[in-house]
Amino acid sequence: MTDLATTEAASGVALAETDDSTAKLHRNLFIAIAALLVVAPFVAYPVFVMKVLCFALFALAFNLLLGYGGLLSFGHAAYFGMASYVCAYTAKNWGLTPELAILLGTAVAAVLGTVFGALAIRRQGIYFAMITLALAQMVFFFSLQTPRFTGGEDGIQAVPRGKFLGLISLEDDRALYWLVAAIFLGGVLMIYRIIHSPFGQVCKAIRDNEPRAISLGYRANQYKLMVFVLSATLAGLAGATKAIVFQLASLTDVYWTMSGEVVLMTLVGGLGTVFGPIAGAVVIVAMQNYLASLGSWVLVVQGGIFVLCVLLFREGIVGLVAKWIKKPL
Amino acid sequence: MKLKTFLATSALAVLLASPAFAQQISVKAGVLNDRSGLYADLAGEGSVVAARMAVEDFKAAEKGIKVEIVSADHQNKPDVGSTIARQWYDQDGVDLILDVPTSSVALAVSQITKEKNKININSGAGSSDLTGKACNANTIHWTYDTYALAQGTGGAMVKAGGDSWFFLTADYAFGHALERDATATITKAGGKVLGSVKTPFPGTDFSSFLLQAQASKAKVIGLANAGSDTTNAIKQAGEFGIVAGGQKLAGLLVFISDVHALGLQAAQGLVLTESFYWDRDDQTRAWSQRFAKLNGGKMPTMVQAGVYAGLLHYLKAVEATKSKDTATLMAKMKEMPTDDPLFGKGSIRPNGRKMHDMYLYEVKKPSESKGPWDYYKQISVLPAEQAFQPLAETGCSLIK
Amino acid sequence: MFELLGIPPQALFGQVLLGLINGSFYAILSLGLAVIFGLLNIINFTHGAQYMMGAFVAWMALNYLGLNYWVALLLAPIVVGAIGVLIERLLLKRIAHLDHLYGLLLTFGLALIIQGLFRNYYGSSGLPYGIPPQLSGGQNLGFMFLPNYRAWVIVASLTVCIGTWFLIEKTKLGAYLRAATENPTLTQAFGINVPLLVTLTYGFGVALAAFAGVLAAPIYSVNPNMGGDLIIVVFAVVVIGGMGSIMGAIVTGFSLGLIEGLTKVFYPEGAATVIFVIMVLVLLVKPAGLFGRPA
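Each protein sequence line maps, in turn, to chains A, B and C. Mapping of the first sequence onto my numbering: position 36 corresponds to residue 36, and the numbering continues sequentially without gaps. Numbering-wise, my numbering comes out as the position in the second sequence, counting from 1, plus 329. Numbering-wise, my numbering comes out as the position in the third sequence, counting from 1, plus 729.
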């Protein structure tokens, strides 16, 4: 039986061993990403790039749980959306500066992740997916029915972008862009560190063979919960940032289709690869953007991509590249 | 470097080109609405068809105005809608955005329009906040709003003897707003509200709530919901013999596309308010028949009619002022009386509210209907001044 | 006249009955999911879309072919079940050897495609479908007006549920099925065509969804989104019941419909969330679900 999260291992690329040349490759890739981030706002529409970055971070967070915890969550919209609400609410109604609002949103996502994680990790596999989905749906109904906090179906609109640290105005798209780019890069580096830390190694061990890891004395559930919380927190960071970028937090962010989208991004980019979710987010966000006039066909195309990826293309874009250059990405 | 060269060349090109087209004004209008979801039938592609008809009927090309129409699907999501709106204004040179059903998206787009100082003529959304506490100098709200619907349906029903009400209210802000507005109207008209029940949104089964409504013995059951919630509730009310038992159903937000979806068997006897019905007079009939040919046989909804009339009015203002300056155009549009075949003569208030009469209709029995789309009989006309919220009460910051 | 928590007992009884009717849909749908899960080990995310297809086939049969409700009740499960068989043969089979989560993702993608296509062709406001004339009208039971059609829904779903239970627990075919669930390799070795059994099971589970769709067509609006949200509630029902037994799925379906119905009377605002709250409580006490076997 092939494990969902370890397709790349099955395709002959070992992920755990990060030898020198791989480390160098990764470092170069990070430099390339940083360079791209610097150039991007001058060639592309900054708001679009910021949207891609937020979703890329969201997908990375999701992938942390799936790729390194072996748990497929179908309810990540809950953390993304709740953080987005908290951030928007505090920035608008309490007048918090953007960085504080984002931090607060992220913190709430962490708390929510702890509660839901503790419930959900009692089951695995498909049950885990269904439980996370149902829990997220609860958050959706909560958001729908507390218009005083969430603005109901109108969402929280006209969220002020405010001044970074109370000094630098973020009203200009370019100015905001640098903050978003910094958050994104920080998030990516953090995830990379987590994966390659001893903690990350234990998580992988649990993912690959839980009974064995337990017999070696690791408390598997604690590790799983930890990785769940980290993933929820980072998803929250992405959601909170998105609220500042679009000056809006809405029900879309907590609806289950959002959870589906992040799964799709990760799947397209490559499950369990470090860089895959970024590629996936670029592809899916760009597709939604350019196909917007097609209406329901977007749904059909998305579904088609899902089916094709599962049937023929399980490694995803980055997974395929990794296979081709025989190095984990 | 490359970028600079490019900018320089294009600037030069514009400079060279502009004298040649000095007389030509080109306008880019974006129809932003739901093309795949709940409101795709009442707005959707039909609104684009309506916009194209406006350009055609205005004979824009002959008057030296070049109009381009673009469209996109906002999927009823405020974030998708605001992304598209931003991009249209920032990048694609769109001058005005039309339609925008779904209040949440409409409020977001109106906000961005203000920020970017462009023009937004809303037809599809219901929220009276667009010309109330969220009003701005860049937005016109054309077709209807929740206040007018409540006035029409609520007020007229009480007058007709339906003086005790029970509400089935979709449990979200829009449903609450509908109930609140209708309750105010009903009590003002001398009726009373016996009770209401908040139904989960979106809901499929309303039988339990309908039984509660039945038990209340209210003369009218008000449906403060929209879309498939409304159609499901109406369908099930028929099943439980509620209309047959003497209680009346009043839909606070029902479009002709909903009635079409329900079929007359299920929808008969329903009372509702609209600002446009295709079969009202010769002009609306002639226009609607043309429209239906272009729209797969489907008759226009009031939302689609509003897109047509709104764009027509905008183009008239462009012709009159020979300008594309937002402030000039908005001033002209508000100053100039509106006149079109679909809504007749009217005006636009300082808060952006388009004023026209509203009509109270009752859905025909299957036996009364003479053919497809023959759905309504008119009960009464509500003059614009009564239908829409008095300016002073709107809470709009533009009125001082 | 005594009252129970402020509600007259007659009204309460009426609401209980209505709850059971809604429970019928949960029961048939979660039964279908359970049957498929038992043998294929996948959660069929397309179930909601297939339920919707059932309703649409009924509508098409009436409007394109002039076939009435009763024919549709037979025809829709066959047609949609046949499509299910195709899906299993052409798609699910290819990923049967992989992690079961791929099945979830694949069926999720299929659900998006099917919903999107139906929306493109039929729009989203829904299509009219009347109650069959034989079942129109209703009975005045004294405490409530019970439409004949609703009574029929309970009877039909109970019959189908019990029939399915009997088929699986008491017949030879059911025995093969259970054997294949326990140990497919061994069952195959006994000369039973397990792949065929898998295909037919999927087709049968899907047919159940379509049957529920036809049952729903006259009372709920026939529209492309009708299954999308329902399926998540059914997922919660399945988590609560656990995937242990066929009877478990049926009982959980009906009882949750009942609980939801009562919530609509006492605390309507909570009706949308009550099932999810119960799910959390059950998970805290019995992670495997009420009828599930511990993993």
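I should point out that these hints are in silico values taken from the structure, not numbers from a laboratory. This structure is a prediction, so every number in the text was calculated from the model and none was measured. A portion of the hints provided could be inaccurate.
Only some residues are given here: those of chain A computed to face chain C with a beta carbon under 7 Å [unchecked claim]:
#1 K24
#2 V115
#3 I131
#4 Q137
#5 F141
#6 Y177
#7 L216
#8 Q302
#9 V310
#10 L311
#11 L312
Counterexamples of contact, computed for chain C against chain A with all Cβ distances above 12 Å [what the hints assert, rightly or not]:
#12 A790
#13 R848
#14 G892
#15 V980
Ideal Cβ placement from N, Cα and C applies to all residues, glycine included.
Structure-based check of all given hints:
At its closest, the beta carbon of K24 of chain A sits 32 Å from a beta carbon of chain C; the interface hint therefore is violated under the 7 Å criterion. Hint status for V115 of chain A relative to chain C: violated, with the closest Cβ pair at about 10 Å, above 7 Å. Taking 7 Å as the C-beta cut-off, the interface hint given for I131 of chain A holds, the closest approach to chain C being about 6 Å. The beta carbon of Q137 of chain A is positioned within 7 Å of a beta carbon in chain C (closest approach about 5 Å), and the interface hint is therefore held.
The restraint placing F141 of chain A at the interface with chain C holds, with a minimum CB-CB distance near 5 Å, inside the 7 Å limit. Nearest Cβ of chain C to the Cβ of Y177 of chain A: about 32 Å, over the 7 Å cut. The hint is violated. Contact between L216 of chain A and chain C, as hinted, is not supported at the beta carbon level, the nearest pair being about 21 Å apart and thus beyond 7 Å. Interface restraint check: Q302 of chain A against chain C, minimum CB-CB distance 6 Å, threshold 7 Å, status holds.
Because the smallest distance between the Cβ of V310 of chain A and any Cβ of chain C comes to about 4 Å, under 7 Å, the interface hint for this residue holds. Because the beta carbon of L311 of chain A sits about 6 Å from the nearest beta carbon in chain C, less than 7 Å, this interface hint is met. The beta carbon of L312 of chain A comes no nearer than 9 Å to any beta carbon in chain C, farther than 7 Å, and the hint placing it at the interface is violated. For A790 of chain C, the non-interface assignment is confirmed: its Cβ lies about 24 Å from the closest Cβ of chain A, beyond the 12 Å cut-off.
Taking the minimum C-beta to C-beta distance to chain A, about 4 Å, the non-interface status of R848 of chain C is violated against the 12 Å cut. Distance to chain A confirms G892 of chain C as a non-interface residue, since its nearest Cβ pair spans about 27 Å, more than 12 Å. Non-interface call for V980 of chain C relative to chain A: holds, since the shortest CB-CB distance, roughly 19 Å, exceeds 12 Å.
When each numbered hint is compared with the structure, violations occur for hints 1, 2, 6, 7, 11, 13.
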